[in-house]
Amino acid sequence: MIKKILLAILFINFYTFTFASEAKIEIPKYDWSWKGFFGTYDRSAAQRGFKVYKEVCSGCHSMNLLSYRNLEDLGFSEDQIKVIAASSLIEDGPNAEGEMYERDALPSDRFVDPYPNANAARASNNGAYPSDLSLIVKARPKGADYIKALLMGYVEPPQGVTVPEGMYYNAYMEGHQIAMPAPLIDGSIDYDEGTEPTLDQLATDVTTFMAWAAEPYLEDRKRLGVKVILFLLVLFVLTYISKERIWRDVK
Amino acid sequence: MSFNDPHGYKKNLSSPYTGVKGWIDSRLPLIRMMEAEYLKFPVPKSLNYFWSFGGIAMFCLIGLILSGIFLGMHYKPSAAEAFNSVERIMRDVQFGWLVRYLHMNLASFFFIATYIHIFRALYFGSYKAPRELVFIFGMLMFLLMMGTAFLGYTLPWGQMSYWGATVITNLFSAIPVVGDSILLTLLGDFTVSDATVNRFYVLHWLLAFAIVGLVVFHVITLHMTGSNNPTGMEPQNWDETLSFHPYMTIKDTKAMVLFFILVAFILFYYPNIMGHSDNYIRANALVTPAHIVPEWYFLPFYAILRAIPDKLGGVLAMFGSIAVLFILPWLDTSKVRSCLYRPIWRICVLLFALNFFVLMYMGAKPASDIYVLISRIGTAYWFLFFLVLAPLVGYLETPRQPVTISNYIRDKKA
Chain A
1 MIKKILLAIL
11 FINFYTFTFA
21 SEAKIEIPKY
31 DWSWKGFFGT
41 YDRSAAQRGF
51 KVYKEVCSGC
61 HSMNLLSYRN
71 LEDLGFSEDQ
81 IKVIAASSLI
91 EDGPNAEGEM
101 YERDALPSDR
111 FVDPYPNANA
121 ARASNNGAYP
131 SDLSLIVKAR
141 PKGADYIKAL
151 LMGYVEPPQG
161 VTVPEGMYYN
171 AYMEGHQIAM
181 PAPLIDGSID
191 YDEGTEPTLD
201 QLATDVTTFM
211 AWAAEPYLED
221 RKRLGVKVIL
231 FLLVLFVLTY
241 ISKERIWRDV
251 K
Chain B
1 MSFNDPHGYK
11 KNLSSPYTGV
21 KGWIDSRLPL
31 IRMMEAEYLK
41 FPVPKSLNYF
51 WSFGGIAMFC
61 LIGLILSGIF
71 LGMHYKPSAA
81 EAFNSVERIM
91 RDVQFGWLVR
101 YLHMNLASFF
111 FIATYIHIFR
121 ALYFGSYKAP
131 RELVFIFGML
141 MFLLMMGTAF
151 LGYTLPWGQM
161 SYWGATVITN
171 LFSAIPVVGD
181 SILLTLLGDF
191 TVSDATVNRF
201 YVLHWLLAFA
211 IVGLVVFHVI
221 TLHMTGSNNP
231 TGMEPQNWDE
241 TLSFHPYMTI
251 KDTKAMVLFF
261 ILVAFILFYY
271 PNIMGHSDNY
281 IRANALVTPA
291 HIVPEWYFLP
301 FYAILRAIPD
311 KLGGVLAMFG
321 SIAVLFILPW
331 LDTSKVRSCL
341 YRPIWRICVL
351 LFALNFFVLM
361 YMGAKPASDI
371 YVLISRIGTA
381 YWFLFFLVLA
391 PLVGYLETPR
401 QPVTISNYIR
411 DKKA
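So the sequence lines, in the order shown, correspond to chains A and B. Heads up: the first sequence begins at 1 in this note's numbering, then just goes up one per residue. Heads up: the second sequence begins at 1 in this note's numbering, then just goes up one per residue.
In short, the hints are calculated from the structure, not lab data. Honestly, I wouldn't trust all of these hints.
[What the hints assert, rightly or not] A few chain B residues that face chain A, going by a derived Cβ cut-off under 10 Å, partial list only:
1) TRP23
2) ARG32
3) MET34
4) MET256
5) PHE265
6) PHE268
7) TYR269
8) ASN272
9) HIS276
Where is the CB? At the ideal position from N, CA and C, for every residue including glycine.
Looking at chain A on its own, in the form it has when it is part of the complex (with noise of 0.2 Å):
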């Protein structure tokens, strides 16, 4: 009983409880490739996230934990990384004649802002501070759940709701404003031969890339806890067996 209890506590995480009963916002729940186990993250779907997120999101949204580098996670090879690094500008200095000059981002560099600082960030964006994404699906009670469910959840109001100048209506955002617009549409990014850009295709792909982002050792993580568990269970057996033979006597 008291063991069944125990468990129980051990399971659930109050404070989504506690968010879940009160928002009555329902997040729908998605298929993901690196749920489960054996979990990985879909690296087609997570380049192409990337090209979202560089077309679309960077314009306003930084990502400053992450490194050009860390992209040879996703298959971009070290020529294309320094490519992609290169397509920005980042301010170095001083040199040696004391000056601060501009050059082209490395595969070392973390992913150049967008703004110069936060202020100019606001000041673009109607007052509202566009969220750093690297953490983004960890900083969120439902993760990626929420961020696609976001994504697209632009839909028109229903009768009777207002929305004020400068926001928008979202289905899932607490309260139902959101500061950003619908920043994807059907169509909105040119994809290769194969793919077709719709809503749900884009707004999975972004999510597969900031899941990645936010938790860049998520295979490392599950591959190493199957091979301790299983290392455990066999100890276990070992410590069950000798102890059934040490206590064999016991009277």
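Given the structure of chain A, go ahead and fit chain B onto it with the hints provided.
Same frame as chain A, but now just chain B:
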């Protein structure tokens, strides 16, 4: 008795060993002591798996200290750098994600093991004479654990770190006269700031090692009296005991491996389940999270804090709820230790455990009408349990006659 040994406790300086072992042992009697206390040490035969959780908690502590040392090599205790340095550990340090998740989750599992360990003490009367000091050192450790955990939670410098620290440190301002000075000293500034994270980092290390020191006292006092057991009866003869090694070492190892399978499962597959997603947002003094909640292991005490409408009253109730544990050995008036033979007290203790979970749930809820009402009932029972039921039930209840350890084992086999 010799001139340098007025109480005669060093009288047996001749070591039972020979050779190098004997040479060391006759000068530093550690080998002798370890053999007496950890190999031959007699423990009651009747211990169940509840008795494994002390050792499990100790292994959690060792794991926390080891992982903490490696985190400390990369962490930067400043408001500007703390958040990014943690992410750097997660992303760029070899196995940094493992060390960080281990530290984060072991803290939770340390509390799980400790709560089970404390429940065991309550249920089987391990706090009663002659083990009062064992219990008190345990409670001191629990208090320091809470302090260490609170300080540590501030260090990643996420939103919950920042706002949790703000709410909890503000409690000290409720203390009359000196409250504000204490708060200022604690924070090193007028708000939670760069100075705060720097000193919290130092104190987090300090308290962690203070806990290790208390473990020593906890174990010394335990080894003076020996372990309690489910019957609450002391062993009558050698037949009712087993040597610590190999019987307890293998039994505890088995329990520990099982416990750490659970740890590994959470660590590798749900590493963030016991944390709060807001802590992956960098601390921001200008944005307050919708719900500020402490870590799960503080929730019962947070519920008690909020159950009292007055700020000072709430703080007193929260600290009082732990203070009453310290005097439990003298509040409980019963002659019998174990709940197995105390039908009424047994119900009180089980209700106490249930109430603990109810309060935990209430602590996670917003402070609105119904939740506050339930929190108040829970808080009332907490104090009723210690201050009224413990002395009263001891007097009024007619306990059953506890059986000896041999009979207990015989009955269990039958």
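Quick rundown of the hints versus the structure:
| no. | hint | verdict |
| --- | --- | --- |
| 1 | TRP23 | violated, 33 Å |
| 2 | ARG32 | violated, 24 Å |
| 3 | MET34 | violated, 20 Å |
| 4 | MET256 | holds, 8 Å |
| 5 | PHE265 | holds, 6 Å |
| 6 | PHE268 | holds, 3 Å |
| 7 | TYR269 | holds, 6 Å |
| 8 | ASN272 | holds, 7 Å |
| 9 | HIS276 | holds, 5 Å |
Consistency with the previously given hints fails for numbers 1, 2 and 3, ordered from lowest to highest.
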